[in-house]
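**Q** Chains as they are written, first to last, in the working numbering: chain A, 1 to 325; chain B, 1001 to 1162.
Treat the hints as calculated values from the structure; they're not laboratory data.
Each hint should be verified, as a subset may be incorrect.
Which stretches of chain B does chain A cover? Using the computed rule of at least three CB atoms under 8 Å from a CB of chain A, they are [to be verified]:
| id | segment |
| --- | --- |
| 1 | 1012–1019 |
| 2 | 1025–1037 |
| 3 | 1105–1119 |
Distance condition first, Cα-Cα at most 25 Å in a straight line; then the derived DMTMM-like pairs of lysine to aspartate or glutamate [stated by the list, open to error]:
| id | chain 1 | residue 1 | chain 2 | residue 2 |
| --- | --- | --- | --- | --- |
| 4 | A | K64 | B | D1003 |
| 5 | B | K1112 | B | D1030 |
| 6 | B | K1153 | A | D322 |
All values derive from a computational prediction rather than experimental measurement.
All C-beta atoms in this analysis are idealised placements derived from N, C-alpha and C, irrespective of residue type, glycine included.
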Amino acid sequence: MQLNESTYETIFLLYIDKELSPKERLEVEAFIEDNPSYALEMEALQATVLSSDKIQYPFKENLKLQDWEEDLKATYATMLKADVEAIPGLSTSFKNSLKKETASEAIIVKSFGFNQQKFTYAAVAACLMVFFGYQQLTKSSVSDLAKSNSIATNLNKELAPNISPITTTKSTGSSETIVSNSNKQARVNSINPVTKTIQLAATNLQASNSTKTQRSNLLQQESIAMAETTPNNSVLDNQVVMKKIPRTYNNPITINATPLTVSTANIDAESTVDEKGLTTYEVIDTEDPNRTIYIANFEIDGNKFRGITRRVSAFLKRNKSDKEK
Amino acid sequence: MTDKAYNECVDNFADGVYRFIVKNIRHTEDAQDIVQSAFEKLWVNRAQVLPEKAKSYLFTVAYHQMIDHIRKSNKMPLSDEASIPHQPINQAQTELKELLMRAVNELNPTQKSLVLLKDYEGYSYQEIAEIMNLSDSQVKVYLHRARIILKNKLSAYAPTAS
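The following block holds chain B by itself, in its conformation from the complex (with noise of 0.2 Å):
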């Protein structure tokens, strides 16, 4: 990878990365040092490093440090949702947005980490797999729990917020 590739990669993915590490900690000085670290580690390793398989690796390496990082720490509900800036469209929209992530945020860090980089990044299973070091159909069916998890939390929400 060349440096030009690397300016790239910071380009492209460092936001994509910090929003996947802030919203699964939500801490956004841990997120910050964990993206950095990420993009350290790329650099170090330019050298075996494809560059389209640039935006995995730093996923990879990110999900693993904020992993260390949660056993560590063990400081999953450390901060205030607020703290994380937001750009709300309406305010139906927002309320919305507001429940679904209250749901998220009470799964597992698995199922957690699953939905976000399913619905954030857009990865495949079996990138998911790659990234979380787990297989394909454990994927599948973690993720969908998750899902009908929220479909069931959401849906209890709804009367309350109604």
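With the rest of the complex left out, here is chain A (with noise of 0.2 Å):
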């Protein structure tokens, strides 16, 4: 450190600055008082320093961490301590209480152990839950498809009077018949809101229903053919249109003249519900091949569902084959 009129004031400022060495205060010390006119100039630069200045935070204790939680703590247990001494009774109680209950506690706990015993009568339960209730389910499927029937029977029934003698032409094959039955324009008038009725429960069925691609194809047909007939038709053009429809039908049971009036007043009563907004039924044909089955909400299709059961059984047979040998 070299002292000498271009460095002074530097070494003054660290000076006042604390920030030499004691050694070097020393040598600045001595420069002043060999050079008493830089004695000014030091006492310039420490008049800058600011002196002390007591102010005090207001807010101290408000800072500070409260230990007065530990305090209640250890006031309340020498209170419960000092009470608990004073009754010597109540000590005993008191701890044979706190055992008892430690006791009831293991007890519960050990009541509610989970072992492999328990788990298996669990499996088993709710497997037979699954089971009856599948069963259960299929009861309801069933006597829905029966409640749809007679729906649809009591249906044909009302209708009867107007379809019946189409059906009664149709296995006679005689127009003259129908004619001198009842009046022809009146007999075109009972046919026709049918058809329309026909026309309108197709249309609904193909847009709502793509999967049952098949049914809604034959009775897209079925309309198509029935809306062949205008009002100003003959009975005979219904008659001729009415023997047409059974061929569409691959279902043997469905071929006569009476399933077609039942399918046609089931496409009625479809037709009806739907116009009140309630549930709609129809009737599967459970011998065709390409069907979908359902089970609860799932869809199956048929084909892939009859493969897998196939290869189930197989399965299990080559399983029984290798255990004989």
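Got two chains here, separate frames each, mind docking them using the hints?
**A** Structure below.
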């Protein structure tokens, strides 16, 4: 450190900032003693140093942690101990009650213990519940079908006065008989509403249920066929149409004239129920190989399901034969 | 840091932090808020702060909060210096002190903080550099400039005062 005219100010500033070592401080003090002209300069710089100013933070106690919680715990513990010790009987009973409480907790925990045997029972119970639940579900679906059939039958009965003459005429194949049974114009009027309803029902089915394409196609054909009849057509034309319809059915059960009336009535029932915004019902062709199988809300492709069952049965047979060998 | 150590920090450093802030911003309520925030932050981070570094941590936090406060409010010369309590020793010293404080208040915020931290808290250049996020040489240069300015201002005030 060399003190001279060019460096003294920096060194004096370091001196007043207490950034010099003790040895350096002594050197500065010696320099000032040797050069009194610099004493004023040092004094002026020292005047820029702020003296201690005692300002107190007024909310110091608020910043501190209050240990009242520990004090409170200690106080209550002392009080409780004193109370318990004051009554010897209470002290014993208190201890005993604590022991009993602990024992009862242990018993409760043990009673809810989970071992392998209980797990097996629970699994079997769950399987039984699923099985019976499924059975109940299938029963309810069958009953729904029965209900729909009964609705269809009732509606058929209602429509019978209008439609049965047509089936009769179909069996006889004579238009003259029809004319002789009732008025021609009246018959046309009685049939036309049915054809219109069938058209509506078929259209609704086609739009709403895409998975049942075959059935809807049949109904569409039926509706197209029925739509060919106009109010100006004669009963004879209607006869021809009604004869054509059974040919479109593959199911031998529904090939006769009566199922036609049932199906038409059923469609009519669907359409009327749809108009009311209620549940719709339909007849499922159980022998159709491509039909969709419904289990609860799940749709399963019939072919795939059959394939799976065949594979499973084949696998089981193979196992059985292996065991026998 | 234990609860006891935290309470000791409050006892030892709350006044210093408050003085540093209140001398800088000259607004008692805002200074109290800043001090409270600084101690709150110390309490939240007490697990990471060593007791020996607590003072530096408190001043650092308080300084940065003060800078934020100054930037947000931009209201440095708000209240009068008279709002800060003083303990005058005698008339001459009081006059000199007032003149010096007047000169200090005319410094820019960085220079003012440097002078306050150096003179009131006795921090070294290195410690001030850590608190104010400056280099050691910057602290030295800025502080020396501040001293020269103060000396010139005091010499300018002296004939007027006399």
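**Q** If you look at each residue in the segment 1105–1119 of chain B, do at least three have a Cβ nearer than 8 Å to any Cβ of chain A?
**A** Result for this restraint: holds, n = 4.
**Q** Does the structure keep K1112 (chain B) and D1030 (chain B) at a Cα separation of 25 Å or less?
**A** It holds: about 18 Å lies between the C-alpha atoms, which stays within 25 Å.
**Q** Need the status of pair K1153 (chain B), D322 (chain A): alpha-carbon distance at most 25 Å?
**A** Given that 25 Å is the threshold and the Cα spacing comes to 112 Å, the pair is violated.
**Q** Count residues of the segment 1012–1019 of chain B with a Cβ under 8 Å from any Cβ of chain A, then say if the count reaches three.
**A** It holds, with 5 qualifying residues against the three required.
**Q** Closer than 8 Å Cβ to Cβ for three or more residues is the test here. Does the segment 1025–1037 of chain B pass it with chain A?
**A** holds (count 3)
**Q** Does D1003 (chain B) lie within 25 Å of K64 (chain A) when you go C-alpha to C-alpha?
**A** holds (9 Å)
Hint violations for this structure: number 6 only, all remaining hints satisfied.
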